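Q: So you can see what is in the structure, the chains are spelled out below.
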Amino acid sequence: MLNVSNIHKRFGNNEVLKGVDLHVEKGDVIAILGPSGSGKTTFLRCLNFLERADEGEITLGDITTKCTKASKKDIINIRKRTGFVFQNYNLIITKTAIQNVMEPLLVVQKKSKEEAKRIAMEALDKVGLSNRYDFYPSQLSGGQQQRVGIARAIAVNPDVILLDEPTSSLDPELVGEVLSVIKKIAKEGTTIVIVTHEIAFAKEVANRVVFMEGGKVVEENNSSEFFSNPQNKRTIEFLNRFLPEYNYYI
Amino acid sequence: MHMSERTIEILTESFWPIVKAGIQYTIPLTLISFLIGLIIAIIVALIQVANIKVLKQLVQVYVWIFRGTPMLVQIFIIFFGLPKMGILLDPFPAAIIAFSLNVGAYTSETIRAAILSVPKGQWEAGYAFGMTFSQVFRRIILRQAVKVSIPPLSNAFIGLVKDTSLASTVTLTEMFMVTQRIVAYRYEPLLLYIELAVIYLLLCSILNILQKYLEKKLVH
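Each protein sequence line maps, in turn, to chains S and U.
Numbering of the first sequence is given in the UniProt record's numbering, commencing with residue 1 and proceeding in unit increments.
Numbering of the second sequence is given in the UniProt record's numbering, commencing with residue 1 and proceeding in unit increments.
In short, the hints are calculated from the structure, not lab data.
Treat the hints with caution; some may be incorrect.
Per the computed footprint, the stretches of chain U lying under chain S, defined by three or more beta-carbons under 8 Å from a beta-carbon of chain S, are [as the list claims (entries may be wrong)]:
1. 64-72
2. 93-100
3. 113-125
Where chain U lies over chain S, by a calculated footprint (3+ residues, C-beta under 8 Å) [stated by the list, open to error]:
4. 18-25
5. 101-112
Source: prediction; values computed, not measured.
Think of the CB as a built atom: it goes at the ideal place given N, C-alpha and C, for glycine as much as any other residue.
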């Protein structure tokens with residue numbers, strides 16, 4: 001459904017991505033792991049053209065485009081069919097929770113106000129914020145803001161939801177509430193690609209794991225194989241360093 | 001005693017003509033120039049933020065010229081210089097053109113800075129879901145940028161109120177020119193120019209209050 005091949009991205013002389021591939025089937029939950037600076041976030045941002053890759057090809061459903069040649073229309077069409085959850089939430093600060101969720105429905109999907117409102121309420125209820133519709137981002141905790149971010153992404157009913165380190169900006173005690181929401185939507189069959197440092201979460205929720213380092217995928221496997229029988233030396237080191245620490249109970 | 005009666009007489013006699021010149025010229029000159037200037041500034045700022053080729057270089061040259069030359073020289077070129085090329089303008093439109101272009105150049109930088117002050121994440125909040133540049137700008141960025149730009153724009157506005165006195169040099173009978181004329185036959189420069197200063201001060205104070213009100217309103 002989503003097929004990405006040979007993604008290269010340079011910032012100046014620094015080649016951040018050196019030919020990354022990814023194949024996503026409907027219903028997949030794919031975790032992208034890797035040390036800081038390995039290019040995970042840049043890769044995810046290339047998928048919906050928040051960064052434009054210098055090389056590579058993206059296919060989403062019936063849209064296929066070379067990254068360098070994608071037209072404005074291609075880009076908008078790909079974005080319309082992907083939901084994105086940011087590390088820093090990126091809620092519109094002048095709009096309330098429900099207005100944030102309604103915004104793409106009204107502006108991009110051209111839904112009526114009533115329908116947008118109904119869908120937004122449903123999405124906010126799903127992430128456990130039925131009592132926070134009219135709160136501004138500044139009146140919400142980080143965990144609540146991120147759940148609004150997730151509600152915004154699921155409300156547009158995308159083919160795939162891309163989550164960029166959704167818990168990295170959160171206080172430790174708020175991580176659990178966000179991960180449990182992601183777990184819930186994963187269980188409902190939502191297709192998800194998540195960049196994360198929550199190894200335990202990846203182990204529990206993802207069906208496939210991609211391990212990146214130095215701008216390349218160094219290991220990719222189904223989740224149980226990846227964790228029980230890692231092959232690459234770097235993967236093993238990484239897992240040894242992180243796995244004993246997993247302590248969020250979800 | 002005799003002196004102070006004369007003082008009061010001069011003050012009361014000159015007050016209305018000066019204020020009248022303000023209502024007739026200073027205020028309309030300020031309002032019209034600022035409005036046109038603001039429209040120019042928004043267009044110039046957007047061209048730069050959206051990074052439109054060629055146009056961007058063009059507006060940069062415009063900003064460069066108008067920020068780098070004295071307003072008085074600009075007014076003189078437009079009013080006294082252009083007739084040489086067959087473009088003859090009345091003082092009022094000549095002053096409007098000069099002030100508008102000047103305000104446009106200066107405040108375009110203010111507006112550009114205000115737009116750039118909105119965090120990148122606010123743009124991405126719209127882009128990531130398929131919104132276009134103009135949708136994101138109108139629905140997400142504009143309000144946040146306006147809020148940031150009110151104090152510096154008010155500054156520019158108040159500056160313009162005072163700069164309109166330069167229009168006296170192209171025979172426009174605004175407040176400064178009227179005062180000068182009264183001084184010419186009353187021989188009371190200290191008194192009359194202080195009176196003029198007080199009138200300017202009052203005008204700017206009213207605008208200041210207006211600014212505070214606007215800021216308060218836009219915070220929510």
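Q: Hints first: check each against the structure and report whether it holds.
A: Tested hints:
1. With 0 residues having a beta carbon nearer than 8 Å to a beta carbon of chain S, the segment 64-72 of chain U misses the requirement of three or more and the stated coverage is violated.
2. Only residues whose beta carbon comes within less than 8 Å of a beta carbon in chain S count, and the segment 93-100 of chain U has 0; fewer than three means the coverage is violated.
3. For the segment 113-125 of chain U, the proposed coverage by chain S is satisfied: 4 residues have a C-beta within less than 8 Å of a C-beta in that chain, meeting the threshold of three.
4. Judged by the Cβ-Cβ criterion of 8 Å, the segment 18-25 of chain S is not covered by chain U as claimed, because only 0 of its residues qualify and three are needed.
5. With a threshold of 8 Å between beta carbons, the proposed coverage of the segment 101-112 of chain S by chain U holds, since 4 of its residues qualify and at least three are required.
The structure fails hints 1, 2, 4 (numbered hints given earlier, in ascending order).
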